[in-house]
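Enquirer: As you go down the protein sequences, you meet chains A and B in turn.
First residue of the first sequence? That's 37 in my numbering, and the numbers climb one at a time after it.
First residue of the second sequence? That's 48 in my numbering, and the numbers climb one at a time after it.
Treat the hints with care, since some could be wrong.
[Stated by the list, open to error] Subject to a maximum C-alpha distance of 25 Å in a straight line, what follows is the list of computed SDA-like cross-link-like pairs (lysine to any residue):
no.: 1; chain 1: A; residue 1: Lys203; chain 2: B; residue 2: Gly104
no.: 2; chain 1: B; residue 1: Lys431; chain 2: B; residue 2: Asp187
no.: 3; chain 1: A; residue 1: Lys102; chain 2: B; residue 2: Leu147
no.: 4; chain 1: A; residue 1: Lys48; chain 2: B; residue 2: Ser306
Think of the hints as simulated: they come from the structure by calculation, not from any bench.
Please read all numbers here as calculations on a predicted model, not as lab measurements.
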Amino acid sequence: MNSIRFILPFAKPYRRRYLAGILMAPLSIGSLLAIPWLTGKCVDLLRESMSRPEGVNSLPPLDALKILLLLIVCFACIRGITLFAIRWFIISASRKVEFDLRDRLFSHLQGLDQGFYNRWKTGDILARCTQDVERVRILAGPIIMYSANTACMLVIAIPLMLSISIKLTLLLLIPLSLLTLSVRKIGPRVHSAVFKAQETLSDLSSLSQEDFAGIRVIKSFAQEEAEAERFRKLSGQYVDDNLEAARIQAWMQPLVGGVNELSLMLLLLLGGWYLLDAGSDLTLGQFIQFAGYQFQLIWPMISIGWVVNQFHRASASVVRVKAILESESNINPPAEPSRPEADELKGAISIRNLDFSYNGKKVLSNVSIEVPAGHTVAIIGRTGSGKSTLIKTLPRMLPVADGKISIDGIDINQLPIGLLRKAIGFVPQESFLFSRTIRDNIGFGLDEPSEDGILSAARISGLEKDLDQFPRGYDELVGERGVTLSGGQKQRAALARALLVRPSILLLDDSLSAVDTQTEKEILAELRSATDLITTVVVAQRISSILHADRIYVIDEGEVAEQGTHKELLEKDGLYAETYRLQLLSDELEDM
Amino acid sequence: MSTQKNQAQSFHEDFKVGKAFDRGLMRRLLRYALPHKHLIILALLLLFTVTLGSLVGPFIIQRALDGPLKDSILGSSPDTAGAFREILVLLSVFLGVSLLLLVLRFAQSLVMAHIGQRVVFDLRQQIYTHLLRMPLSFYDRNPVGRLVTRITSDIEALNELFASGIVGFLADVLILTAITATLVWVNPTLALVTLSALPILILSTFIFRNKARKYYRQQRGHLSHLNSFTQEAIQGMEIVQSFHREASHQEEHRTINKSYLVAFLQSVMAYAVFFPIIEILSTVVLAAVIWQGGSQLVEGTLTFGQFYLFWHFLGRFFQPIRDMADRYNILQSAMAAAERVFNVLDTPESLTDPEEPCPGRKLQGRIDFDNVWFAYKDEEFVLKDVSFSVEPGQTVAIVGATGSGKTTIVNLLSRFYDPQRGSILVDGTDVRQYLKRDLRARIGSVLQDVFLFSRSIRDNLVLNSTDISEEHLLDCARRANADDFISRLPGAYDEILSERGGTLSVGEKQLLVFARALVQDPDILVLDEATAYIDSTTEALIQDAIGKLLEGRTSIVIAHRLSTIKKADRILVLHKGELREQGTHEELLAVKGIYHRLHELQYLDSAAAQDSIG
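Chain B with its partners taken away, still in its complex shape (with noise of 0.2 Å):
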């Protein structure tokens, strides 16, 4: 199947090799480090002191080979205590040593862990709040997941790179010039020796690390191509079911699953022989130095103990090669994440606030619509010079077809977006001049998607507020008609609830949603009433909600039901993006236009029935 090739090479976008330095990213992301230079500092120390240490226990070793044993090992020992309390003065010396390596090692481990937990920390922060601030129209373009992935793994990736990354790679670096410089420095013919394996043991390391990379990209890309089929098949067992499809599921599935194992037997292959080759070179050149050093030794240029610390030495060469390739690919990764990190911090906020805002008070609720045009997008207008306004403590109902502009108006008042012409006031002065923060605050949303929180109702009704007290919270959960059901449930106001309020009814959701816009006490309401029930009971404790939310304050409903249209003190008709017709009910009847056509066609067809209800 096609899909399967597009879907499995979607899947490796995630999974991309970037360029692995680049160095305007690099001192972008090293300002986040700056804030914490001591502790680098300190990390710098603590990995200089820990690298020059490791390398006294063998020096130590070669200090009592060539000096208190040296004769005996000859054959002949003159001074067995005198050599032996020698042996303990070396000792004790290593005992000091390596007590401190025990504390300084711990010390830092916990100091990188600290570094990368505290930089990406700010940057984690910072990101979270950007995203936040970011208008809607981003939210259109993004999907959740990519914004998600933003948060985690990208921020994962750079915390590597702090916490090993960097200073990993010095360590690597340091400990490698250390070996060879000793070694070099006790016996330059045999440093040769032992150093001429090194550009195969680097060559081999790096094709192998290249290799083995290529693979586990292959295996993510294959193992999350597997879980998310699987999930969706989890998802999807009823429709897979019905529609008979196991077969050919279990099938799909196996494909999948294959090319997983396929590319895990490679890199299995991949580790199988380049594990043995690594061993077979180091003890090559072992036996390179035993014949070479063997030479020297009879000779006489060579002692024991140099001879003990090549052999030493040669064990401990591979490690930070190895580490070193594996630096490389945190490197690339961490250069894929921070580029696509900044990228989303380099977006600017579109809808900024003013620089001298208008103070943030209680409003009047005077609304005005002046010659507003707006399109989504290019010239697309879903609103074309609209014009209206909304007297303190007016009620207005927004009639029209889906499209016609009804969402869009309330989307303007809150200024999730600005319009291309014309201007919004409330109470007199441009949404524009408003701080966003103080304009929203002070205008509540009831939207049609309900949208709960995973939190307990408690959360859910007063948001983040803390001055809202138990009473003023009862009381409008009363009114809101939602104390009964929230009562009944076992934790009461404290129950938390499932992902996106999944346990709640549909009627229920719409309570409660009505009373966390009553808790929040608004001084402009927008409602985005729902169709109606065919539930009877709870359409009459949600006509009821309604009318409590609505007094007493300005609103704009968008309407389904009459009751509401009918109580209005102003019905405004939207169609295609233009208002045609405003006015209260009377007023629209006697203009005989699509108000009146609307009306007549829903009292011709129950009138019938009206009458034999009395």
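With the rest of the complex left out, here is chain A (with noise of 0.2 Å):
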């Protein structure tokens, strides 16, 4: 019931739609029955005229039947307008309330801070917005449409077969009964069986994936027969998990099959017997009747067992619906939030004794770095010391305590979210961008960029000199569907998208490592008078990228271990220096 709990607040904008759909229902299925009903009422007509002699009839035969005749097609066209009118008015409502929970679920993961991120894989929470969302649809659509088809059709059919004859009502509801009952029992084991081949076939596709994606290795290693090999053996479960499914799923055409014969078996004996018995008022007409209601119940009470498994399966999707709608964001606004002058922040950026945990892990310890407007400090430190994890606390993309880390004077976690995040530009370490264009990922930061700072961002960034290489230049998509950039221009696609939103403070986490030294001093250069007022911090692995710095921070072990100007660095001798000496070939050779 909670499932129905939570569709409830989705489904009442719709509630006039959802009224009128089940209000129509009786109506529809009243009109439906009364077809069969009529059709015995014209049988026994004739079967009378036939009977009596000529002439003595009251009313001529084919005149009544004219009229039987025509309340069949009246009747008829009630049922169609009905049926359409519960169809548009219940589905397109359950459309509806899809469209809305998809856009409140959406809207509810992008307030989710990146902890919830880090804790979930894409494709789970992307599942929860397709199949779970798509599931719940079923609930507040099809399950309310066919539980008021079959319960108006059980509540109309039952007694007006009851008051034809009791025993033969009894006597079909058993048969039919059976097709609820094996529904039940069949489906759920038809969906697991269906399931487990998905898994098969999506083992399948990561396999070959990942064979297609890592063919070097393959190849390099001449492993191309036993891949094959390995994909024989996974593509032969698959057919044994379709197999399996199929062997299940194979029962239910000859159940229905087999129950429709066993009814209209039921029905010739007992009904063959009435008739033959001149004690039962039995009339051919109503043999025919029951035919037909025996007929249109059998996909009733297969849809009994449907939505009773469909509803099973709803509710594990609400529960999985709710666990994102429930998830709450560490990062929350503040309550009452503190404006710099002018409501524009001029980047100077002071962090004090700032410790940091990840999953009861100490990231960082007691870090104090004081960042001047417009100065440029170099965060520099083996893979995982916390160099990233500092960076990203200061767009609030990670929490921090109160009183750690301020800008200008004021605590980040005092200023409204939006001016402090679009005060600064952010270039991750992995450079992700957009199956848009080249010019709408640059431009992504902006409600309308200007052209001429997309061409600027793409010069400073070094990205304009590779523009020959895409055939629509800045119209080019980027990712599977167009073009697929190197490392090093996807980095300097993410450096332009930063710089177009001119920041007051750029933040660089090791992006630049995949650029080659010889582009990466260019860009450096370019950036080093573009961003002259800019506060910069960079994260980086290649010292050549941060010789330039005001200062340069060591970070070890989540703590700064060694911290002054490059030269300063290398007279002290330590981590630095040692680092230093090792990369200097590396970076020489890429140079020549």
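Please assemble the complex out of the two chains, which come individually in their own frames, going by the hints.
Expert: Following this line, the structure appears as structure tokens:
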């Protein structure tokens, strides 16, 4: 029932549609059931006119027949119109509910912090936004529609049948309820068998995905045949899974056919007996009417089983969707935001005694860094030393305690989030681009980016010189449907994206690692002149990228191990100096 | 936004409508079904029996109504007991047929599923094997996602064709013919009345199906757009949030969500209109049959039993027509899929193995490049007239900037590409004379772009070999300095790596691929050295492992570290595709060329530091 409580607020805006749809159901079922009844009446009328001598009838039978037939057509029209209305009202409402639910989910997702995204797998979130939403939609639409139809069918048809013959009715309901039971039994088994086959299919597609992506390794070690054999095994497994599902599913069709035939037999047996028995008053028309009801009851009886199965699945999905909607963000806007002068940040950063733990593990401890507005500060350290964590706390992508980080003297937790983030241009380590045009990617941060802005951002970031590699220039689509950018091109596009918003603070998280040293040098030179007034924080692995920083911090195991200018650090001859020597040669090689 | 429109269009491309029938394609497809012809014949036999059998029930009722029940229907029943006995006889026939049908229908479903699965299993395997054989240049052109689609959804479409498309289509034709023939045989006039609705029924079904399919395609297009948008939004949430673009993203999401909704509402409308039309139509026909049949009944040219038959079959007319419309769509998608699949199969393997290959054996390890010219594209040569030799057991370091052609040398040696001019000899034999498999099995490569499978560490080290002993494995891991960190993992050697080894650090991944190369024990080793790490502990482990890797085998190293270069027997200096200098460290210093300058810079820069370390 929890799932119904969950769906109600979403259904509420469309209550008129639902109401209209549900109210139409008795009308629709009533007229549907009237047709076999009228057909029976026609048959009886014809039979009577045959057994009586001609001319005795008070009303010529053909005239009476005309009236009955007219009624049949009328009821058929009512049935048609109501059938349309039910489907249209209820199913379209359920689609709207689905729309709203998806919209809510997306908006909720956008408000969740990175902690959530680190904990949850993309595929899992996506499955909840698609499959589970669709299953909840079935609850909001088809389940309601079929429930209403079936309920009306049972409530109207059974009394009608009982009024003709109690025994015949009870006898016919036995095979029909068998249908409901077996759908309940077979349905979940089919579902789990199909699910298993789908899992294998997804293994199959992961295997091929990986083999194609790693084709070089496969070829290098001459593993083609062995991999094809591995694929053959999995593919055989998939065939077995499918056949297993088919074996269970194969019961369904014979079962429906069998139940249908069994009911016909029972009808013939008992109905024949009644017809022969002079004492009973079952007429041929009623026999036909009964046969009609029996036929019409088949689908509703199946759908009871179906509705129960779907309801279970939908309830499971409701739980999964709720899990997202009930996740809370650790990063919340301040209750009473403080705004800087003229609503603009200049970019003086002050980090004091910052600690940060992730999953109970201390990542940063007692880190203090001062960056005067307009200065460039570099952070260097081995992988896993906490550099990226440090840089991500600045735009509040990760939560920090109050009073630890301030910009222009204001605690970042007190700044309006939008204002803070718009003042920061962030170039992350993994340069994520959207599958849009290069232009749209660079212009991502602004509502209406100017052409000049895009061109100059592309020039500074050194993307411009690669442009002739793209047939459609800035209008080239990025990703599988367009060009595949090299790592370095992606990084430069990500840099251009950050530059375009004209930030007060630029954060570069090892974001030129895939650019060759020569190009990097040019970009850094361009950046220096273009970002003279911008506060810049650079995280790097390669020392060549940070030679010119005003101050360099060496982070080791979450703590500031060394700090100073390039020259000072070389003189100190510690970790920094050692690394510098190791890297020199490879840089020189690249420079040739 | 114009992009969005573009994107929506490109998403539709996957759902393009092709020709519904292409004789050539069909013939080629049927060739895959040929090995399973006994199953297909069985399916057809079952189909025929089931179809005819399903007509028995209504006929039994008709028999009862016109036989034993006839008199009582008209008011008088002379011999009740005798008539009931006749009914029981009819019923037992019905029961027998029904039980038989139960089994046959079950068998039919199974056989049809088997046909589909068997046929596509072979086809799927053929494409996969073919794809794995394709040269690297093929993979440069085709994105992975597209190739995976060939293996999955295209094959599924063909499965549907074989499982339900072809046989199902015949079943529908058969049942329609059987019903029509029965009706005409029983009463031609009444049959004409019933069949008069058929053209409208077929027409409206096909109009509806076409519309429904159009909307369906739109939905699929919008859905995949919505999904990929959502997926990207989730993956790029960091970017969305850090640029504070939540509002505009929500708006974009809503636009796509809306188009999806609209496409759905259209199809809901189509369904909501179609079903009532069919119901009204069939009821009108029913009324016409009663009217026409009624007068025949009164005249005595039609019996009640026959009347029942018409009434019954009227209800069963519609299903096969609707199914046929569906099968048409299955056929259409299958043809499109077949075209794509055969396109892949028809792409020739460009680097073919020789007809009389040089036998695979352990290599001495001599390598000769003779005046090699190579271009990936047209005339843009990345190697120009490159010649050098490596003696067995020697280590050669290649030094040069990005794009100087270093990687290409490696590609040509393993015969991932063939040179345009010149030749590459291994042990004095042209690489084109070896089976690619034999050649590559003897040349091990360690690439800078580390690739690990999402399998266990053990599987990643031994690959698919079955004859590698546990001691050898552990020994290699130890020598590559990888045993330490592997043992610390919860599952040790059986730890399953996440995609592309995501849970390991960069350094650990390097050590792991070193261990892999050692396990495979190649005669020639190609190493693309990664740049130095800031992490000095790992750096030391890596340097040590590299030393052991090069020991005692012919090696070509694309070098980045001075220590590696100095240890090499010979150094090749590549510049813009040309081999500019080669020789030992000392010889090259004496030449006073590029290498000398390089060394000078390095030396000067670190001289002070070196002094202070001592």
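Enquirer: Does each hint hold? Answer for all of them.
Expert: So, going through the hints one by one against the coordinates:
no.	hint	in the structure
1	A:Lys203 to B:Gly104	22 Å, holds
2	B:Lys431 to B:Asp187	22 Å, holds
3	A:Lys102 to B:Leu147	43 Å, violated
4	A:Lys48 to B:Ser306	23 Å, holds
Figure legend: structure checked against the earlier numbered hints; the only hint not met is number 3.
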